[in-house]
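Student: Letter by letter, the chains look like this.
2 protein chains.
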Amino acid sequence: MTAAFNFEVKATDGKARGGVITTPRGQIRTPAFMPVGTAGTVKAMLPDSVAATGADIILGNTYHLMLRPTAERIDRLGGLHRFMNWRGPILTDSGGFQVMSLAELRKLTEDGVTFKSHVDGSRHTLTPERSMEIQRLLGSDIVMCFDECPALPATDDEVARAMRLSMRWAERSRAAFGDRPGHALFGIMQGGVTRELREESAEALKSIGFDGYAVGGLAVGEGQEAMFGVLDYAPDCLPADKPRYLMGVGKPDDIVGAVARGIDMMDCVLPTRSGRTGQVFTRRGVVNIKNARHADDPRPLDEECACPACRHYSRAYLHHVFRAQEIISSMLLTWHNLHYYQDLMAGMRAAIAEGRFADWQATFHAARAEGDIAPL
Amino acid sequence: MTAAFNFEVKATDGKARGGVITTPRGQIRTPAFMPVGTAGTVKAMLPDSVAATGADIILGNTYHLMLRPTAERIDRLGGLHRFMNWRGPILTDSGGFQVMSLAELRKLTEDGVTFKSHVDGSRHTLTPERSMEIQRLLGSDIVMCFDECPALPATDDEVARAMRLSMRWAERSRAAFGDRPGHALFGIMQGGVTRELREESAEALKSIGFDGYAVGGLAVGEGQEAMFGVLDYAPDCLPADKPRYLMGVGKPDDIVGAVARGIDMMDCVLPTRSGRTGQVFTRRGVVNIKNARHADDPRPLDEECACPACRHYSRAYLHHVFRAQEIISSMLLTWHNLHYYQDLMAGMRAAIAEGRFADWQATFHAARAEGDIAPL
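Heads up: the sequence lines are chains A and B, in that order. Take 1 as the starting number for the first sequence in full-length UniProt numbering and just add one per residue. Take 1 as the starting number for the second sequence in full-length UniProt numbering and just add one per residue.
Be a bit skeptical, because a hint or two may be false.
Each pair may be met inside one copy or between any two copies, as identical chains are not told apart.
[Stated by the list, open to error] Simulated crosslink set (BS3-like; lysine-lysine; CA at most 27 Å straight-line):
{"#": "1", "residue 1": "K290", "residue 2": "K116"}
{"#": "2", "residue 1": "K290", "residue 2": "K107"}
{"#": "3", "residue 1": "K251", "residue 2": "K206"}
{"#": "4", "residue 1": "K206", "residue 2": "K15"}
{"#": "5", "residue 1": "K242", "residue 2": "K15"}
I should point out that these hints are in silico values taken from the structure, not numbers from a laboratory.
Please build the complete structure, drawing on both the sequences and the hints.
Tutor: The following block contains the structure:
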């Protein structure tokens, strides 16, 4: 492996940026959407299929992997890439967010978090140092700082306390990460929807210095308007020459709005999870394949989509296998949703490169306003 | 489509036969194993992947498809091949066996069977004529006669009664099927484990005349020894120039023993169902991937297997995703099992063609006697 981790902005259009992140495991075209591979698999997809949708990078979850099969075991088996057969870059989260949302009997101190596993009830501790160690054992290409994302609703005082703790943890994460050529460490901005706290957080992170900067603590129930309110200024507080990653976002229109505000990277379980529950994302909005109106419909989900679900199958078939609870339903709908998300990113990248992102956005919203194709 | 349905025996070695069935939708190399695609999908597999394992033909279940999404709907959508995106030949069963094993409130008369759907409780009737109609609507390439397979244990009188009813239904099936160039109708021999009844059934079927002949009523709990006892004489009662299909079989050693006794075609849910329950078939016997001894094992299931599960993943990974109930576990283990079954058939076809089937069988049994690779 070469030592390089690098980000280059190749084009801007308004606040939107198109660029390339270079890692020893391959390039990531930005704006990039990262499918989530929680427990060593992007659910219902083979890695070659994930790559075929156009994904350059996937995300792995420290919390899930540390509990099962454990980071030490994955390390013994040659690291997460080999374990799950994904050749491209992998970003891992720090475990902090999911400890707060999934684990039981959490106890938060200055040092870190102790908790009980939701899998088998065993006790564990996550600290900035342990999170860095786990992400190193996994072989992550892009490592995230350990942070605390407070649950909503939270008072301003609570949000400020959590942000300042996260900034102290960011410093400890930076120190524990050390110098690992070819691997990147991203800081995470916190501060809820309060501008002063967001600015304070950005300054703290910049004074530590990271390879990239995430906007954390959004998409946790505050709503799109409040989220966009933060994104109207937050990316501008971060260094222009580093990637900006909006964590856990989102719906297609969230993603488009975030890119328009200067975000370069995103991840979300929505396309994969929705694939398993029969919610399908298309150019013309969301289609619920369970709906009886599809039962006799010979048309594909989207005639312009090149994914296997659209090329080879009718809505009637997809409706049937969803109703019959066949595994192929999750396989095909997940593939379609990931393909749609990657098409969306590719469309934005091309539009930004050609300076027509405003037009592209207008077309995007017009197709959605039109709605799904008429029933037969 | 051309009109041809044809079977040619190309080689024999002892009683074992190697040949080719030609259909308008493609050739079927025999001995052939047919993966089961119950409800319009070979569970957890995309059709291209099924074909990639080496399968020339798959099986569809009339009982499941008539209830959901219904044969009429599949017909309106262009037939089963287009519906499920399988380009090769499809054999459909008659519904008779599964009505007896799955449906509720069955009532059997000379005319047929009335029953309540296990899906939604709706009432249905299957007769020889309706079964032929459904299989025609599905667009099946190889259609099976409607028969009654009595549940075990059954008295000799009961087996004889069911066999004779099945022979009368075979005559009605033949009449209802009519003349459909390019489509084949197979008769089904019944008679349990009683030689006289099997011979009587074979004579009845031959006097009607079919494009192929199945041995039914085996693999229903009688045990391998009793099954092989019937197969020692039953195939010889059937025309040598037509394919012989052993329904619902079986484990790898059942399949090898059946081929050695002159069987050309088989089907079974075992490789697909076992793929979902973590039972893996290999040259060296069955591996239970759930077993903790695989948790740290970096070796593939079988180093000589070329399937994606063996080429790209460790036993440790397969153990992990099975334990975590990830869909990729069913996808990879089903693919491996189907690949193994097709490798088995290809090995037998080559051995028969080269007149070394006895040696091949000895090697097959020796590898299994050796057992799975030693724990780490």
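Student: With reference to the structure, classify each hint as holding or not holding.
Tutor: Each hint, compared with the structure:
1. K290 to K116: Cα proximity of K290 and K116: across copies only (24 Å, versus 37 Å in one copy).
2. K290 to K107: The answer is neither: 42 Å in one copy and 33 Å across copies each exceed 27 Å.
3. K251 to K206: neither (29 Å within a copy, 64 Å between copies)
4. K206 to K15: within (20 Å within a copy, 79 Å between copies)
5. K242 to K15: within (14 Å within a copy, 72 Å between copies)
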